Every structure is written in C-alpha cells, then in structure tokens.
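S.K.: Letter by letter, the chains look like this.
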Amino acid sequence: MSGSESAKGLSFEAPGPGTWALDPVHFPRPVTRYWAETHPDPFSRGTKHFARFYGMLMDGLQTEYVNGFAFNTVRPAPEDEIPLRFQRAEEVFEKKLWREQLREWDETCKPSSIAAHRAIQAIDPDALSDEDLSTYLARCRDHHAAMIFQHMRFTAGAVVPVGDFLAHVGDWTELPPSELLGLMRGAAPVSAGASAQLERLIYAIEKDPSALALLQSEDQDPGRVLSELRSMESEAGSAVSGYLDLVGYRLLDGFDISEPTALEMPDVLLRAIRIAVESKTLEASDVEDRIADVRSQVPETHRGEFDELLGEARLTYRLRDERGVYSDIWASGLMRRAALAAGRRLQARGLIHDAAHIVDAGLDEMRSLLTDSGGPSADELAERAQYRAEHSAKDAPAELGSPPTPPPDPSGLPPAIGRLMRAVGISLGALFGSSEEQHEDDLLRGLAASRGVYEGPARRISGPSEFGRIVKGDVLVTEATTEAFNILLPLLGAIVTDNGGLLSHSAIVAREYGIPGVVGTREATLRIADGTRVRVNGDAGEVTVLG
Amino acid sequence: MAGAPVEALKRVPLFIDLDPGEIEQIARLFKERHFSQGETVTREGSGGAAFFLIESGQATVSVAGAERAMLKQGDHFGEIALIDEGPRSATIVASTELVCYGLTFWDFRPLVQENGAIGWKLLQVMVQKLRAAEQGYLPDLTA
Amino acid sequence: MARDTAIFGSKAVGLGEAIRQGLPVPPGVALSGSIVEAVAGGEEEAIEEVTSAARPLHAPLAVRSSAVDEDGADASFAGQHLTLLNVPSIDELTSALNEIWWSANSDSAITYRQRVGLFTRPSVGVVIQELLNPDSAGVMFTRNPITGADERMIEASWGLGESVVAGLVIPDNYRVDREGRVLERTPGHKKIAIRSVPSGGTVHEQVPTELVERLCLDEDQLEELSRLALQSEQVYGPARDIEWAFVGGTLNLLQCRAITRAGI
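Protein chains in written order, with this note's numbering: chain A, 1 to 547; chain B, 1001 to 1143; chain C, 2001 to 2264.
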C-alpha cells in the first residue's frame, strides 16, 4: 500500500555503498538468522559466475540482510573485464551457450545433486548422538550453501533464452509477457509436479484397488493415509515411497528453513497425489493452438526466428524450476529436518521453548546449544521467532543507499550486450522475478487472516444465488462474506476475499472454522478464474494461481 | 399468535395419532420462519437443526444437483433432523417467498422422551423412507 | 420472572452492566436469550414487553445479536452474529428478532457450532439501539487475534462500522499496546461508507478519492479507544470483541462480546 506509515521502530541503513533494492518477492517476511548467515556468499558467487559465463556487464549481485529483510545490489563488472564481456555476450547468441549449461545440468549437476541429497536424507538425525548431530548440521549447511551456489549459477540459463523470446515476440506482436509465457506450457513437467516417479506412482496406484481405496478415503488423517500407503507391500507402496523420497523434503514454498517441507503438510501432498491419479493426463494441452495463434500474429518475415526463439525457450524452460527444486529447495528442507531434530532435543532439555524456534539460531548457535557450550537463550530465540511472525516486507523501505542510476542505454552498446540486457531485463522484471517463483501475475497478496495452507479449485461466488456451485474442497473466492455464507463452511477448504480486514466476518469465520483465509486482496475476484487451482497461504497472506 | 396452527399440524403423518391436547402442546413449540426467494433452506450434507411445515409459498428439492420435487403449502420436510441433526439428504431452495413453521430438535426431543406415541410414529416414518430409498423410489427425500 | 431482569442490568446481557459502569453506551435495550426466543415464537406478552421497552428509542433501529450460553456467559462465535441495521421502526422489531433467533438456530449455525466444539443449545441475546450516523466506526479486539499478543487491534472505516464487520472495505488497521502506544498504522482502501438515512435505512456511499486511503482515526481517538479497551476489560474481563463508533467527536460503545477461543 502506498503511503503506509510503519511506526515499528526499526532503523534501516544501507549495508554498503551503492543502491540496494528490497526483495519482497522472494522474501516477504524477515529471514532466519541461519539464512541471513548462509545465503549471501553462495548467492554472490553464483551470480558472479553466470554474469561472467554470459558476458554480462555486472559482476553478479549481492544480497545483505537488514533487520532480516533482503536487499540486493548489482555490482558492476570490473572495467578491465568489459572487452571480454562484450566478446562473450556475442558468443552467447551465436553459440547458444545456454545449451552448454543445460548439458552440464542434465549430465553432471542434477544427477550428482540428487545423489548428494539422498545420501544426506538417508541419515536419520534423530538417531545421531549430540556430537554427530552437530557435525551433521554442519554437513547439511555446507551442502545447502553449495546448492544455493548451484541454483544461482544456472539462473541465467533459465532466464536468457526465455527473456530473449519474450523480448522479440513482445516487439513483434505487442502481446504481454504473461500471455507469451503461456506458450511454455508442457515444456516443464517438473513445474506441474510431474516426474518419472510420479508417473510410476500414478500407474501403480491405478492398478491396485486397495491402494486406490486408501487414497480416496476421506475421513482419515492425511498423515496416516500417506504412511499407510507407503508401507503397503506392493508396487503401489514402493512407488509412493519413491515419490515421497523424491519430493518429501522439498520446501513447499520459499527458501528459508522456516518454511515447511512437503511431508509436514500431508494434506497438501495427499491432495496432490489424488489429483495426479484422478486426472491422469495433464490437462489436454491447447498449447499447440496457442502457439499457432501467436505465430500468426508475428510478421511473416520473423516467423522463422519465432520458431527458433520459441524452441530455445521451451528447451531451457524446465531449468527455471529444476535448478531450485533439485538444488536448494531440497537442501533447505534437509537442513530444516536436521535443525528440527536438534530443536526437539533441546526442547526436551528445556533449553528452547518450542522445537520450531531452532530455525532462528545460526549454525554455530545451533551447535553450541546442542553440545551445551553456550548459545542464545530460549527467550531470545522465541523473540526472534516472534519478530519474524510480526513483521513483513511492508515494514521495510523499498530502497536503501544511493538513488538508483538508470541502466545504460542499450542502443549505445554492442548489439549482443543490448540484446542480452533486454532478455535479462524482461525476464526478471525486478531481478529474478521470473525464476521458479511465481510470475507476478500468479501471485496475489492480502491479509493473513487465518493460518494454514490449502490447495484446491477456486469457486468465484457472487452471492447466495450461486451457492449451489460449491463442491466440497473448493476455495471460496468472493468480494465479501456475510452470515449467509456460513452454510458453505463445511464444504470449503479456504476463503479468499477482495475486501475485508482481519476483524471482518470472513476473517473471523475462517479462524473459528479452522480453515486458511486471505482477505483484503482487492482483486481476487478479478484475477482468479473460476475453477482454477489455487494455493491459499493463510500464514503469509498469499494466494498463488497454479493454473 | 404463537406457534403453528393446530389445523396444519393435524395433517402431518407424524402427528396423526396424537390427541388434541398433545397437538396443541407441540404446536406451541413451532416458530414462524420466513425465507426469501432463492434462499437455501436446507443444504445437502449439512447438519440439520429443524423440521419445517410450509404455510405458504413453494420450494424446490434437489439431490446431487438434480431437481426431484416441488414442495408447497401443507408439505413438510426435515423430520429426520428431529432425531439426529443431519446430514440433510437434500438441498431445498425457496422458489418464492416462503413462510414456514419450524421446530428445532432442541424443542422436539424432550417431547419425544415424554410422549412415546410421537417417538413410535417417527420410527415408522423413518422405516418407510429407508424402504423407499432401498427400492429406489425416493418419493419424499426431505430429511 | 426471569425475563424482567433481562431488560437492562442483567449480567447475561452485557451492555446493561456497561451502562452501570459508566461506559459510553448509546441509548438502547438489551434483551436476554429467553425473551428473544419468546418474541420469536410470537408470544404476545413478550412482544408487548419488548415493544414498550424499545418505545423511547428513535427509529431507525440497529439490532445486534450475540449468542450467550445457558449460564449467561458469552459463548458465542462471532462468525455467527447477525446484525440488522435496517429496522425502520418498532413494528418491524418482532420480525427482526425472529430472524435473529432463527439465524442462531439454523442448519448452518448448528453445523458451525458443532465444528467449533459447541454442543449446547444456542441462546441469542440482542441489543437494540438507535442507529447512529458515525463519522468513523469499526471493531476493536483487545487481544491480537492473529498472534495472540497482548495488544489491541483496531479496524476502522468511514461511516457505520458494518462495513468493517461485514468486510465490505479494506479497513485501516491499527495496533496499540496496552500502554496506549501506537505500534502500527496501516491505511486501508475504504471505497464505501455505509450511512444511515434520516427517513430510515442505510445507503452505501462512495467515499471521496482523497479519503479512501487516508487514516480515519487520529491520535486522540486512538487514545480514547485505548482507554475504552482498558475499561471494558475491567468490567468484563480479557479478550473483548468491541464494536465502537465516533459520532460527532464522541466515542460510543455499541457491543462488547467475548473473543471466542478459536478467534485468537
């Protein structure tokens, strides 16, 4: 909200020279101490790496945390490296250097990362002695840092060909990026959650009546259903096991170890499996038609280029999600798992009020607490957790430091560099906006009215006359609710409204009824189409359109 | 006037075997209720709180989205709620302004406990419905 | 008769006590659950009683409900409360009370109650007040319902507080600590104001552009609300859900209920 005064008593100073921009997209809430200590270095190294690889004019990015909020600055490339960069930028498009990265990803980085995750995952942190757990925490953190570096390293590979496509086709057709991104559909099965494991699971469950029955049983506790499924002595059981081993420790959202992993939200996981099994084929894709439609809007002379640009974009598009999901999204989940194991122990010893507070300790602090050699008090950790819960990016200024200088005019630069900048600029919006995190169009923000996360089909309801359209499990999307809406509550999985504050009827019923609620989004009814799958995050006050 | 008109109650099968004094007693427990056109009276699957007798107006009965019947003056619905609070087996929507007399299960239950005849009758009605449901007739699905 | 003591003064109906304690309650009549039920059931004696008690009030009337449990203590769940603003005169009071009684005894109310763990018979008390024409109004919880922190959360908008209660606008949100220090102010997006009309009823008015995101409460008003929170806690106890309104500079207390456990 513009003009919001936030009298929270926080003081902000630029963490270094230059212009620092707040990143509320990736970090809508303050981060944990662990994250603030772990993230900056591999982030900076990784961005530096891709900047050199692609011949960019910057020397990577730097992130610093001020009061727990993420601020980024762009570091200019050293003057003496500029000629090299120009040269490199030219090669980027001539030789399609992103293909090299894709090959490296597929042949080396991805498989070895998965192996490394599995090796760490195979160890049960609860079974370790305090000393061994302390060592294990350090191992998880080193792995996490390496994976953050990897994630950043492949960012440009995900961004450049897609951005290049958007830039050119945007010029030719004047269609907005959000629409053009629709042409990527089907190119990235991992974003839809699919993978060989999931396919194997769908196939195995379909053939197994008892697995199917178990999956569809409504009454049970989802955690229990999942563990029963995975312990079935059949193909279905081992397929579920394999799938859960692959995705279970991924963070469902965000990057910090404060975020829950998939296994911690069994109802989301179970629902995802149910949906996968029930809607066997991913929605019959009309992407071919859409491609043809956009192509027809491109001037004939450019259609050959269009095909080429689209081809490269679709080829690399999966990198957008894969570089996160197989790198730090998984590693962060494993670090969280190890930290929570330590937290449980510390709670049993009375050193921490709640096991979950462990994530607010830095690595060294965690290790000290575990081996009884100091560390923050239980109250201190609780305060840090409370701080994170009570603050959001709205409490931080959008910028710190010197006012931003305008980017160099691309027309004065060698064409390749200009083209690169445009590709990156469009793709990223405000730096990294289009990484596997949702495109701005897919994310709505409102007030976090009632805790919990829920995924389901949105049902746009304007009033009681439309109540008949609601089916169990739907997410209510409406302008505002009244007592008349109460009759729907047993059917709803979550509530999203345009209007209303934290003390409005919709917020109150969501809390009383115990379902996630996000109110005051302003435009949910405009931006969410009826029937679209959405994820409602009542902890963060966000609604994600999953499509 | 408090309660439902005795005449209307006399026609409800549930109360047919009761003597005038008993009917009057029950009648007093009813309260008038108004529904506006389009308002949902009961929702399939929801908990049920009351039994209703229609004084004027009309309502549609649907099960699983398919319209099954029309109710009008003198019809009644929802008596199973008087035993177990739901779930309602059908969705009933007022198709015009609807005036009903309603009896909540809180008021009805002590009455049944004191008056065996009502309890017995209720049981008979339920058995009828179960049989009809089994045979697939479902003539009067409102409960 | 239990009912006589129900109009004004009984603990079971909240605002009677508030008046005795000097809280700024506008003229009104508080009704217990049993008298509401009697009116809803058409009992003439009860209707008479309520009508004469409400006669001194000037129309139009606002009728606000809050469920109470059998012992008279607040056991309500705010999500169910029905408020009828559009009661043009005493003649319509009976049907308003009937509507409110049924809203507490409807299928959805019962299901709702079961879901939140309340299995006792509903009983709904009511407060009848003259409908005000506030400059700004809204809701205050004396405990933060999201974090449970010991602070006041206030949501405010222009005109009648129903726009906040019914969630028709994105209200201003203020957090004030127990000492009265303002911790946070977030302007809302208040496009609509509900105003009462002299001839009876209410209208939805478009708020002028420059006021849509302007804070509608100033320091003094926040201080008054903070004091009201303390007073209410002293009279009723902790965790209060308060409806308030500023009319021509004067703060009015319209309702004071318990925040339900689940609402915290």
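Check before you lean on any hint, since a few could be wrong.
To be verified - A few chain C positions that, by computed beta-carbon distances, are all more than 10 Å from chain B:
(1) I2019
(2) A2040
(3) L2057
(4) S2089
(5) S2108
(6) I2110
(7) Q2114
(8) D2135
(9) R2143
(10) R2185
(11) T2186
(12) L2230
Stated by the list, open to error - What follows is a list of derived Cβ distance ranges for each label pair:
(13) C:N2133 <-> A:D293: 50 to 58 Å
(14) C:S2089 <-> A:F12: 36 to 44 Å
(15) A:E235 <-> B:A1064: 33 to 41 Å
Keep in mind the hints are simulated off the structure, nothing from the lab.
Computed from a predicted model, the values in this text were never measured in an experiment.
A virtual CB, placed ideally from N, CA and C, is assigned to each residue, including glycine.
S.K.: Does the structure break any of the earlier hints, and which numbers would those be?
M.R.: 2, 5, 6, 7, 14
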